Amino acid sequence: MSNISVLFACRPLSVSFQASARSRTTIAFSRPSRLQSVASSRSYSNTTVRRYAANPGTTARAKQETVTKLEQETLPWAEYLAIRKAKRRWETVMTIPFTIGGLMGGIAFFGSLEVDPTKPIFNIDPMYVYGFATLACAGLGYLIGPVVGSACWRMTHRRSMNLIEKRDREFYNRIVKNRGDPSAQSATNPVPDYYGEKIGSLHNYRQWLRDQAKFKRKAYLPED
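Quick note: the sequence shown, position 65, residue 65 per this note's numbering, numbers continuous.
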């Protein structure tokens, strides 16, 4: 009887011991899993850092792609000035044939008309009127030529017109900012290239800036 009572008395202790052992085992298993997850995340971050540190080409490649995109969105000044010079050449080339064509057309038209000296036009001899009209035809061709040349040039630069127009606005602002005041010019000191039409390269632009500075010194500073 005493032995049975001892067994029943010790049984709850064994059960409690087994439960505590299981809980410890569960805790022991749960802690390494958490530690493993933290360690894996740290190792992943360290691996990522080492990867970017070991491959500096990735950052350089990203910077290069950014620079390339900016270069595509902007037009270099040297290239823009060369394009501007080519545009002016197109306008000049088209001006010559249109001027000659206007003159020849005026001569062909007014030369075929009968001239009666007894019938003046606006109280002027018809010969003078027809002569001035012929010169007016040549002048009209001189004015139309650059317009046609500019239109032909724009047709050959359709893809880059947005960049060119953007540079046109920036170039115009620079010209307005740096050119001299025309009210200060004189017969001996005119404003050099007021609209910057002769600028076709960076060298020409620097020379234009020097000419404007020279004009301002002569206009505003008293001569000794």
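Certain hints may be false.
Stated by the list, open to error - Calculated lysine to any residue pairs in the SDA-like style (CA-CA distance at most 20 Å, straight line): (1) 216 / 196; (2) 166 / 151; (3) 177 / 161; (4) 85 / 151; (5) 218 / 192; (6) 198 / 209; (7) 85 / 192; (8) 216 / 154; (9) 85 / 169; (10) 87 / 169; (11) 198 / 79; (12) 119 / 133; (13) 166 / 196; (14) 198 / 159; (15) 87 / 161; (16) 218 / 182.
Since the hints were made in silico from the structure, they are not lab data.
On a predicted model such as this, the values are computed, not experimentally measured, just so you know.
Quickly compare the C-alpha distance for residue 198 and residue 209 to 20 Å and report which way the hint goes.
-> Within the cut-off at roughly 12 Å; holds.
If you draw a straight line from the CA of residue 216 to the CA of residue 196, is it 20 Å or shorter?
-> Cα-Cα ~16 Å, so holds.
When you check the alpha-carbon spacing of residue 166 and residue 151, does it fall within 20 Å?
-> Status holds; Cα separation ~18 Å.
Residue 85 paired with residue 169 [C-alpha distance capped at 20 Å] | Roughly 16 Å separates the two Cα atoms, so the pair holds.
Distance restraint between residue 166 and residue 196, which requires alpha-carbon spacing of 20 Å or less | 17 Å, holds
Below or equal to 20 Å on CA atoms is what counts here, so check residue 87 against residue 161.
-> The given pair, whose Cα atoms are some 12 Å apart, holds under the 20 Å limit.
Can the restraint linking residue 119 and residue 133 be considered satisfied, given a maximum Cα separation of 20 Å?
-> 17 Å, holds
Holds or violated: are the alpha carbons of residue 216 and residue 154 at most 20 Å from each other?
-> Given pair residue 216, residue 154 is violated - Cα atoms ~36 Å apart, limit 20 Å.
Within 20 Å, alpha carbon to alpha carbon, are residue 177 and residue 161?
-> 24 Å, violated
Is it true that the CA of residue 218 sits at most 20 Å from the CA of residue 192?
-> 12 Å, holds
Restraint check for residue 85 with residue 192, where alpha carbons must lie at most 20 Å apart | 18 Å, holds
Decide if the proposed pair is consistent with the structure: residue 218 and residue 182, CA atoms, cutoff 20 Å inclusive.
-> 13 Å, holds
Violated hints, in rising order: 3, 8, 14; the structure is consistent with all others.
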